[in-house]
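*Asks:* Join the two chains, each given in its own frame, into one complex according to the hints.
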Amino acid sequence: MKMLFALLSLSSSVALLAADPEYTIQLREHRFTPSELKVPAGAKIKLIIDNQDTTAEEFDSFALNREKIVFPNSKAIVFIGPLKPGRYEFVGEFNQSSAKGALIAE
Amino acid sequence: MFAAALIVFRESLEAALVMGIVAAATRPIAGRGWWITLGAGAGVVGAVGVAAVAESISQMAGGAGQELFQAIVLALAVAMLAWHNVWMARHGREMAMQARDLGQSVVRGDVALTAIVTAIALTVLREGSETVLFLLGIATSSASSRTTLAIGSLLGLAAGGASGVLIYAGLLRVPVNRLFVVTGWLILLLAAGMAGQFARVLIQADLLPALASPLWDTSSWMPDDSALGTLLHALLGYQAQPSATQVLFYVAALVFILAAMRRAQSRPAT
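Residue numbers (my numbering), protein chains in the order written: chain A, 1 to 106; chain B, 1 to 270.
Isolated chain B (complex conformation) (with noise of 0.2 angstroms):
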């Protein structure tokens, strides 16, 4: 029961941060709860339409259909994500202030609201697809363990859940003032993020070379599988022995993403 909790846990954990800071980020404006509501439902059907062809998708591309469907929603996120983020740089004054007066959601944030619908899609879908196949597996396990699998999976999704819950409340007692400087920060590091897991599926599928690896390990003293390096990892894109070429990626998504928000911010929406 609690390797299931675990796993499901483990699998929720990124889409829930990525719905929370999200929801924090997008604050002012009005009707984002049914959008965000919208990007994770399109994201769970889109989980299991995924699972039901993943063993097609996995064979293709001599074997390496799997890494490279993974590769394109990584991309795709991160291209979101970026997007959102100029948007914000751009627009995150007029948002800040019109959120400081009690009840206003009035800013239209359509583009915003395009952007992080489809990175939360797309995040629970990839994350989601590898839940169903193992909710899959308990299905076909023995009467006895299923209920307690299922409990687990439960336990782990409510889990997961929570701890994005926890975030959002976390950064709605962040002055609103400095709310989208933050939630800002956020999104660009999950982002980079992102872009070292894409990295990574390339390299497992012999696309990209993995250059130094590891270029650095820290598993001794934080491993993957403890909880701060799990939180980490979900939030930053940590990890305790990562090659080069994922290092790479992440910081030039880092910089990438930074410079085009520096240039929306000294060119403010008319």
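This is chain A alone, in the form it adopts within the complex (with noise of 0.2 angstroms):
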């Protein structure tokens, strides 16, 4: 418990220090927008995702590791890495078929 606090305490000084770089992908009819976004690798990014749409998506990664309800007409914050440079791949879990996007992180 104390080692998490330690943790915690630890990973919210480090953002105060740098700001982490922001990103934005739009979600609109079930589409990103930009459906590849370019980031840095090896460094801690903070993607926001801005759904436009009427219904909820869930943000979903195997390749980041993450997963998040973004729900109608709100925004999302997921951080994301530091990545290895690569192709990540993502989609809108309730709308794959056309829900689809990448980040390479170069």
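Hints were generated in silico from the structure; no laboratory data involved.
Honestly, I wouldn't trust all of these hints.
Below, computed lysine to any residue pairings styled on SDA-like, alpha-carbon distance capped at 20 angstroms [claimed, not checked]:
# : chain 1 : residue 1 : chain 2 : residue 2
1 : A       : K46       : A       : G86
2 : A       : K100      : A       : Q52
3 : A       : K46       : A       : E29
4 : A       : K75       : B       : D217
5 : A       : K84       : B       : L68
6 : A       : K84       : B       : G62
7 : A       : K46       : B       : A61
8 : A       : K46       : B       : L68
*Replies:* Dropping the structure here:
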């Protein structure tokens, strides 16, 4: 418990020292824009998913190890990485046939 | 339809496996069927309730509300499963002895039942609230696709439920003197898997560092979305690309619960 607390305060103080670069992807009619997004490798990033649809979506990526519900007409924040260089695919799990995208870390 | 079936199947699998394993683990306890049903029912009601307020939860704590809520639910479920296992470590022998006499189900297991009913309710609640949100999305889709999506969802739920029945049926074939050892290990691994997920959601919200990420990558030979990967994820908390922090929490939960069980075993109930 003490360790968890130490880790928590450590991570929040790191977050205060250097704001993580922010990226936004939009979701409209169950499609991501941009569908491919270049992000720096080796750095933690703050990804904002802006759902402009009227239904909830689940941002889901096995490669990124992330999963989060994004509510209708609202934004969700997901912290990602630091990533090794490469291509990381993600989907909107509730509409997988159209909601596809990838982060390209380089 | 297939996509809907798969989504609901994935969401219901873990809860169904927890219920199947717990049903086997509490076999000699009188009235356990009602308690397990109660736990699942409470979980479903809770899932609908959570789904209704999920959007407000999500906006709390600067957008980390969803993760914090999941982390709390996961931590409670881990505690309940651990509590159940510790209780079983203390009473397992007498339960095995009584279970051997056919038709005997007389052991009073209030503590074990409280723990597992809560664990089941929490697992159904966590997985179920996502399913409810998915189904709400379906409800607003066009009438033609609504029917097929609804059928798909039902099929997915049925498949998830069948997995729970299957593991229960399999566990019933284990000789009763070894049953509680087997279910004890399964519940231990379920709890460790949830501890790993606990770390994952906190990393996602930037409340824990990821440390080495991924610590390993087995996605080329057992991807997360493969059938076996999905099953192992639900049972053992398998992930193809976990971060070191997740693995740390997984191992820590495993060691702590195991130590508590050993301690309880060496001091059996009087």
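*Asks:* Now tell me if each hint is right for this structure.
*Replies:* Going through the hints against the structure:
The straight-line distance between the Cα atoms of K46(A) and G86(A) is roughly 18 angstroms, inside the 20 angstroms bound, and the hint therefore holds. Restraint check: the Cα-Cα separation between K100(A) and Q52(A) comes to about 16 angstroms, which is no more than 20 angstroms; the hinted pair holds. About 23 angstroms separates the Cα atoms of K46(A) and E29(A), which puts this hinted pair outside 20 angstroms; it is violated. Pair hint K75(A) plus D217(B) does not hold up; C-alpha atoms about 30 angstroms apart against a cutoff of 20 angstroms.
For the suggested pair K84(A) and L68(B), the alpha carbons sit about 27 angstroms apart, so the restraint of at most 20 angstroms is broken. A hinted pair counts as satisfied when its Cα atoms are at most 20 angstroms apart, and K84(A) with G62(B) does not qualify at roughly 28 angstroms. For the hint linking K46(A) to A61(B), the alpha-carbon distance of about 16 angstroms falls within 20 angstroms, and the restraint holds. Using a Cα cut-off of 20 angstroms, the hinted pair K46(A) and L68(B) holds, with the two alpha carbons roughly 17 angstroms apart.
When held up to the earlier numbered hints, the structure conflicts with 3, 4, 5 and 6 and fits the remainder.
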